[in-house]
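Student: Below, each chain spelled out in residue letters.
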Amino acid sequence: MKTLFSPNAQPRRLVFTTMVVAQVALLLLLWLFYPMQLFPSLGEVVRSLGDLITTQGLIQELWASMTTALQALAVATVLALGISYLTALPFFRPIAYAASKMRYLTLTGLTFFMALMVSSGHQVKLSVLIFGATVYLVTGMTSVILTTTQEEMDHARTLGMGEWRSFYEVVVLGKLDEMLEVVRQNFAIIWTMITLVETLYQSEGGIGLLLYKQNRYLHLDGVLAIQLVILATGAAQDYVFVLLRRVFFPYSSLGTA
Amino acid sequence: MTAHTYAYESPILTLQNVSMSFHNEPVLRDINAQVLDVTRPGMNQGQVVGFYGRSGIGKSVLCRIMAGLIAPTAGTVEVGLAQQAVAPGMVGFVQQRYPLFDHRTLLDNLLVAAERKYAPAEARQHVDAYLERFCLAPHRKKYPAHLSGGQRQRAAIAQQLLCSDHLILLDEPFSGLDVAMIDELKQIIVEVTTMDELNTVIIISHDIVTTTALADRLWLLGYEHDAAGALVPGATISPQHQYNLAEMGLAWHENVEAEPEFAQFVEHIKNEIRGS
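Sequence lines, in order, name chains A and B. The numbering of the first sequence is the UniProt record's numbering, which starts it at 1 and goes up by one. The numbering of the second sequence is the UniProt record's numbering, which starts it at 1 and goes up by one.
Here chain B stands alone, though its shape is the one from the complex (with noise of 0.2 angstroms):
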């Protein structure tokens, strides 16, 4: 185990006391949780954030909320630098079926995002660039449906990614993918990382195993219980179901599944799951 050496500077996403309840039942209670902009000496280190739940427990209500789709019953989401009050666009989202445009063919699909942020011209060099940076150049005329899962999953990324504010939700992203496409949506969430300095990638996952070798923070999403010990209605991110995986020495290792320490963290995230 190797800790790096890392500081935190400005905050970069803030949810304070959010709640939601659909028809007065409590969705999700007073969730508090922040990420900073993490700094490593001498490169862009971006953020990677897990997060867990069980099936059914308002993982996918949260995501909408961070993303700005949705308003919360009661607090706030904020992002950027700024901490701006989140709004639809400023978080790039990949749902778990990576949405495209299908009627618009790959490249077009990744201008009408580019073009909400840049001039034309400017537009087409960035698209053109994440063409060759994701490996999605020689497809760029073909329709979404003629692209195989794995470069749909790349486009889309790119997509969000072209008209986001550095921050970027995956829902799901590593379900119904083989070995070889998980280690290569890993190498696009690292490249993604380290493009920009600010580049928060959030990742809502049951593969907990990969999630967690990936980021840098976990977040997990369960219930609690009031002092006679009855389940308090609404999931939450309560303090201690926030690790610091920088902290805990387990963060940006190139082969941290093998290591004795993260096998036992990993096992502690499962009992929490269980137990929530």
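Chain A with its partners taken away, still in its complex shape (with noise of 0.2 angstroms):
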């Protein structure tokens, strides 16, 4: 009990595991107890979900969205490697820095010139998320390359690899686990967006249009059980890709404290 109180303590996994469930319940039984006046009940966001699930087709919306996010973050997150991958030339530096700092720009105009460029709601909508998503990995993957530091690639040199070789050897393969970490942190930016896209092109569906009529609708509960849907997938998405790292790239957890 008292190494849950210590500072960078490491309290046994029994005892961890139990604070949370703890800490989980003692939430619920706030929630279930002393409702506020606005935040809808416990009972009533579960009635909600189960009626979304059963008459407004919940799971396949979530679907729709959930393959719409991983298409675009595969896609997003090949583009984005190679744009960081190429600051290895001087010649492409500005292009990660462009597209790094348009993070900046705003979905909502930037749907205006996506219509104009291609044909169907479908291809806006990806192409949204792709640039939204890129620009976001961008970033992260630039800074971790920029880690690199002048001993990682001196020692690459030393075992007579060349410049091409070491970048290869130090960046790309010597930092795939962290670009793993990145693209896992980023994925969180595609969930927000595909809420906003999918309003804008109501024709395919998704959850974000679901959400979008709850709220217009001020049905407080089905807004919360939608948004709990969304944590839950997101953090099933976060182990999975905890799990692929762990699979993957085994020596990734071996110095962390």
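Simulated from the structure, these hints should not be mistaken for lab results. Some hints could be false.
Stated by the list, open to error - One-sided and incomplete, this derived list gives chain B residues near chain A with beta-carbon spacing under 7 angstroms:
1) PRO99
2) HIS103
3) ALA113
4) TYR143
5) CYS163
No residue lacks a Cβ here, since even glycine has one placed at the ideal position from N, Cα and C.
Mind assembling these two chains? They're in different frames, but the hints should get you there.
Tutor: Below you can see the structure in the form of structure tokens.
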């Protein structure tokens, strides 16, 4: 028990799990017995969740949003890796710099330009998501690349590796685990954007549109139910990324405290 | 004090008029030094060069120049029996924190180095031999983060030896090691230098006693004064600061630290460093 309140302590797994379960239970109990005026009760949210699943196709909408999100993430990751790795060549550094700064652009204005460039609504949605995710990923990935030290590069060079081979060994292979971490952290951005983009292009549905409708008709219980579903999906995705990192990059967590 | 029989043959490392400036500020000036292949009857005797200098004097810069990682502003560095201009990969360089590729296992770290020089099957044989010789065989599947400091250091030395052409630079190899680990590393350096006649280890260290005990040659990097007594910018290794310990009868003794001549010499070196 004492370890839970000691700085940098490492409580036993059982103690920590029990603490988390107790905290969640406390939160649920508070929600159950002391509902706030404006906040829907736990029972209402659960009922609304059931209704959303059975009558409004929540699962199908979630699946549609998730496949779009994954599609956008895959393309954005490839693009961002390419742009970031090209910073090895001074010629491409301004492009990475500009790409990174484009994260300040607003999506609403951007969708207009995208709509002029591509034909279908799905394409607009996808290209906006890809753009949005790429600029955030480039920012994270270039900062990972910038952590490369002269010692690391010199080490590769002293083994007789040329400049490209050294870059491949130290930056590409050596930091692939950190790149995966950047992708994991920025996946959340796509979920933030997807709810907005789906309301702009409503023909394909999606969980964002469902959320928008619940919001519009002031179904707060429904809004909360959908937000909780998105939260759970995000948490599950995070877990999958951690699992992938553990499986493909087992060395990754060895040096951490 | 016992002097061993020895002779000198071809040059292995030659620094000729090496100078280095950064933003027109001289850091190193006109360095001329040479390591010759020393031979002793009936055995492989490599070379150990101790290399001292005060902190911030430019030792690391000279190391990077000798390793071919940066080109000097002026002068040349030639290595090997063919005395070729140095290029990255010709000289092994074990940096202070013993870098390894953290994303590769120990075996892969050594293989990636060996495959720069040998065909895959031959590389594997060399790696296996080094793993045995450096007592690392049981750890071959571990990642560097799982290795102890001593194991990591041995692995870094083995990795550099597998792909360099006999010359290896060790930057502060004794710092942060306990007495037992220092003894272990000394043993490894002796092993490395007796593995091949041409193997040459250059030790950059602040541990004067340990390094001098291992070395057969010493270089002291310091500043010179002009006729008016003013400091000449840019550190150098002047001829009087290149010591031949074999000639002095202080090289290759098992317990040289216990000899009074050795203690006197170490004191002399310390005074020279203080005055430099």
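Student: Look at each hint and say if it fits the structure.
Tutor: Evaluated hints:
1. PRO99: 4 angstroms, holds
2. HIS103: Since the shortest Cβ distance to chain A is 5 angstroms, the answer is holds.
3. ALA113: 5 angstroms, holds
4. TYR143: Holds: closest Cβ of chain A sits about 4 angstroms from TYR143 of chain B, inside 7 angstroms.
5. CYS163: 5 angstroms, holds
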